[in-house]
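Mind assembling these two chains? They're in different frames, but the hints should get you there.
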Amino acid sequence: MTWLSMIGLALSGLLRKKGRNTLTMLGVFIGVFALTMIISLGQGLMSVITGTVSGDDNLRQISLLPGFGIKQNDKPEEISIEGDMSERRRDRLRRAAIARSQLRQTSGGQSNRLTEAAMAELARIPHVQSIKPLIIKRYAVDMGDKHSESTQTFGVDFSRRHPEERVIAGRYPNSAGADEVMIHEYLLYTWGFITEEQAASVVGKTLVVFTRNGVSEEFPQANGTPNAADLQAAIKELKLTEEEMAALLKLSPRLPEIMAKMRGSDTKKSQPVRRELRIVGVLREPEAGDKFNLLEDGQSSQADLFLPDGLADKLLREASGGGEMSYQRALVMVDDPANAEAVEQKLRDAGYTAFSVAAVLKRLESSLTVVTVILSFLTGIALVVATLGIVNTMITSVLERTREIGVWKAVGATNFQVQIVFIIESALIGLFGGGLGLGVAALSMIPGDLIARNLIAQRTSIPFDGAVFILPYWLIATGPLLGTYVAVLAAIYPAMRAARVDPVTALRHD
Amino acid sequence: MPLVSANDVWREYRMGGAEPVAALRGASLDIDAGEFTCLLGKSGSGKSTLMNLIGGLDRPTRGSIEVEGRDLAKLGARELSFYRRKMVGFVFQSFNLVSSMPAWENVSLPLVFAGVKRAERRKRAGELLERVGLGRRAGHKPTELSGGEQQRVAFARALVSNPKLLLGDEPTGNLDSATSQQIMRLIVEENQRGTTIIMVTHDPDLAERYATRIVRMADGVVVQDSAGQAAGGLTAHGAPARETAR
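Line order of the protein sequences matches chains A and B. When the letters of the first sequence are read in order and numbered with this note's numbering, they come out as residues 1 to 510. When the letters of the second sequence are read in order and numbered with this note's numbering, they come out as residues 511 to 756.
Here chain B stands alone, though its shape is the one from the complex (with noise of 0.2 Å):
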């Protein structure tokens, strides 16, 4: 069994009573436990709706999104929170950083919610705050800290809960290519570590260099899938992959 299986989403818009603007139009993708999948696309092509969804963040307006066999779309507002919690770790472009809290105060914000006492959640933002190379760096503001470092601490504040899923949604995209490579060794390391990755870019190189599969959406739909042939291959459209052509 896959551990994400979405099944003909769709997610539409209403804006100002106007005819709904849909996202994503019947999308389907299973998702297999340990994958580093990048989902590629053109702004505009549902690859972050698609993401939003799977981490329980929004939800579809028709179609299934089942994670460990978990109807997403079935959950109440508060199962939902918990799901987040416990199985989902986000990391954003923009970091979302508070930036009235120190390092380790960020880091530990989903154990606030998660109930963890504070000198629980000092230990555990420190563990990971060491492991993203800022173990240094706990007291720091986000104001005082680069772009890269902020990153870092955002990755660590996604990570400490151990969720089996950890969703980027184009973590690299404030960052230049050499933070970017930082933040992505930290993220291949992650999938090392047995945790499935799942990664919205429009980069194509930064795909092609670090997952272990690629998922292309354009107009709402998957319509490229690497996933069942060899790395580079074709598509599962039978075109070639122009990434891959390179």
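Okay, chain A solo, but in the shape it has when bound (with noise of 0.2 Å):
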């Protein structure tokens, strides 16, 4: 026998009806398209996630801030509770501790702070490298007849960081300590400097930035919240009778609490600042391609001024008028990206608030493959209904062509090259719906990329030009087989029908 004498019948036979067979082939057409579609997003978004994270020593990472006097449970399932009781309030107990585990307070509730003599201790936990506090703070900010009130300045260990390709003019600052800034190309713009040349043209210029009035602003709320001195300077100011008072109370029972809180920042005098800097450097804002630094990067976003290190930490010493230092953020950097989360485990039992970027990263990567995953399965019930398609149409086929069959039969076709015609025939619709819902799907992430790169660019500040959609090669391979095979499964039955068809009844006249 030869097959491509059967494939040819077979073709002639899926020719007799193209409108059927078309409609049975674009079942499988959707399956095949929704499948590589969401597989290929899931891949995409993968090497997003890795591309952008594992580069720039960003695995070796971790985020460490104080603990807040709570820790969290990681293993809510081994709560129990003891005791004779019925299952429901078993049930109703376990989930209410669940509830309050989940943010326990630690010994006494006292909140670890970030200070020097903490850090010190916290870097000689195994494998880690260094422990740096991240500065970030606002400073009033003059240049010449520019002015900002309040510009975000982030203190870079340069010796460290060199974010090269971001220079645009300039160089970078000399030492830790030197008087020497950095400038962001967006502060110059709102300053009027347009061009890059115009940018360029400030390297060398002098730079002040300062504080007024003792007021430091750490962490500014969002516009037109006002800050703690604000606030209570505003409360003096209405000089609230003892009704009032109470009334505001009943708003919020904290509020003598915050008030002492008030009071207490207002004791620990902060010391204006003021201090000349030379523009050594312009930098830009990353582009796609630039080496990105989740932690450090990411947290200095508004950043418009950037300080050696060791000046950033002499200015937050001056302004905190002295005493020992308490930090908002440091990064940890371990030794080994594998030893990343070990580290963090340790950082969270000594009672600190840490997040390791390889740890995030692990979690999304699991979120995203079990989301892919399930997503798939929902796409692999259209390639279910597909094959039902493909089983009526095949089982449609045989009954209209039962005499036709017959006459196989009756010139020498066995059972088992009927079956075969049948079988061919529903795997070339599987072939070609498969085929084509590949094809498609490859086209349409050219577009689907155009489509989600423009909308990341529009709300988020990461640079990214990689692709959303990556078609895997495995995939190539196994779409049109995977349709293939779906049709020759369905083919099965109706092949068994078309063999057991009696010539002598199917050639009867009638």
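These aren't lab readings, by the way, just hints derived from the structure by calculation. Among the hints, a few may not be true.
[Stated by the list, open to error] As a list, the in silico SDA-like pairs of lysine to any residue whose alpha-carbon atoms are at most 25 Å apart:
#1 B:Lys584 x A:Asn174
#2 A:Lys132 x A:Asn174
#3 A:Lys18 x B:Met611
[Stated by the list, open to error] Where chain B lies over chain A, by a calculated footprint (3+ residues, C-beta under 8 Å):
#4 135-146
#5 394-406
Ideal Cβ positions, reconstructed from N, Cα and C, are used throughout, including at glycine.
See below:
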């Protein structure tokens, strides 16, 4: 038996009912198309995430924050409620216990501040390479007649981090303590330096950073929300009666506590700071393809001035009026990405808040995999429906062609040959449907990528030009094969029916 | 040794679990190579059933059918297919052409299952269509052909594998007398080339006119056989054949 002849016979059978077979094929097409898109999206997003995160030492970094006197329970499944009680009650209590355990107070409810001593202690944890505070602070800034009331500054360890590709004019500061600064192109733009040449002209000029009235603006709220000092001043200004004060207390019973805190911050005098700095370089906003450091670049995405970390620390000490320093956040570097999660756990056990990029990445990856698998299964339903469509089409075809099958048998077709013709017919439906689904999916990824990229560009500040859809190589082969496989399975029963056709009955003259 | 030897052949059908209905009740018949045999009988006499058994489309319930010494009842489904492919050509009353295929593809259909290459199939089909006088209509679909032309295509299909046995089940049943004659002439011609012909008909005139041997069937058995006597003579049972008496 020549397979080519069988394929020819099957093909001529297919072409006889073009409309019906095309519709059946569309079922396979839709299934394979959707499956391809979802798997490619999953693959693409995965590579976007790993691509963005895994470069530039990201996986060796841990973001360290003060402990807030609470500890997260990592193993709620281990909570059990003992005692003799109904299962409903046990379930209620268990859920209540889980809810309460999730933010459990640590011993004494004391918060763990990120002091220098504490950081020195934490630096002794095995595999920790360094712990350095990340200093992000707002100052007022003057440059000649240009002024900005609140500009975010960021202390950069220029000895370790060289965002070379971002320097559009000048150079890095010379040493950690130098009175030098790099300025972001955006601040210059708001000051009227429109072109890059104009921006570059500020290199060498002097810039003044300062604070007013000792008011520190470490973490100002969103615009319009007064900071602590403003609020306190405003309440004093109002000269409230006792009744009004009582009404306020009704609004928040914690008001006395808040007031006390405000007075507390008042007693620790913040000192006005004023320092002249030389602009040595201009940095641009990150572009796609730049090394992107999730923790540093992510935290400092609003920073307009980049100070050497030593200088940033010196200014912070001056502003806080001396005494023991306590930082808002620090950056922990571990020796190897493989140790990041273990170190993160040790930092948490010590009562601090810590997030390793590696762990976040791992969680993201595993949830993305789960979502992709679930979506693939749902899409698989489309393929199952398509399979039923093929079964239906093939049975109809067999019934319609009973007499023809009789002729085939009369002229010497074996049962196997009869089966094979129908299986090939079905396989061709699956192959075309699967191939088309794969091809159209591959084509739709081009506009799909553009749309996704535009959406990302419009809504986030992260530079990005990678592919959101990545068609894995294994899928190129398996797409049409999957369609064919499904179609062959669908054809088995109809083909068996075809082989069972009794030629005498089929050929009877009526 | 006869080419075909049917021995006490029974064929019973079971319908819905009731008592089996017998279409053949112990029919016996020997046919020599080169004969042109007509199976004559009324509807329900078992003549078509016997022909289908000889053609390997069906299997006897009891008895044996030997062709060239091989018992068809003992062949597997696959071997029976090969037997039909190599030994037998069928011509049916209702032509049974595949309407979507042009004439030449219909003719060459048996060669598809025999694994003959397309170019060779086309050549072979062309030759046969030429022989039945349809050489210029090879590309026409059955719907574009007249009844006589369609039957000639079917005839060419039956001969495309060079069978030793040509079986016709009322091949002229759907045709007017002029086209019937054309078809019968083709069949006689084929018989003269040495092909053994077995034809089922209920038309005594037709049998009389063309066959070299007439076998009458009734109620599932052979009741008259003109073999062994002069054409137009008495039947094996000694009664004068009605059709020969005229």
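Consistency of the hints with the structure:
1. Distance hint between B:Lys584 and A:Asn174 is unfulfilled; the C-alpha atoms sit about 101 Å from each other, more than 25 Å.
2. Of the pairs offered as hints, the one joining A:Lys132 and A:Asn174 holds, with about 19 Å between alpha carbons and a cut-off of 25 Å not exceeded.
3. This hinted pair checks out: A:Lys18 and B:Met611 have alpha carbons roughly 15 Å apart, not beyond 25 Å.
4. With a cut-off of 8 Å between beta carbons, the stretch 135-146 of chain A has 0 residues touching chain B; three or more are needed, and the interface restraint is violated.
5. Given as covered by chain B, the stretch 394-406 of chain A passes the check, having 3 residues with a CB less than 8 Å from a CB of that chain where 3 are the minimum.
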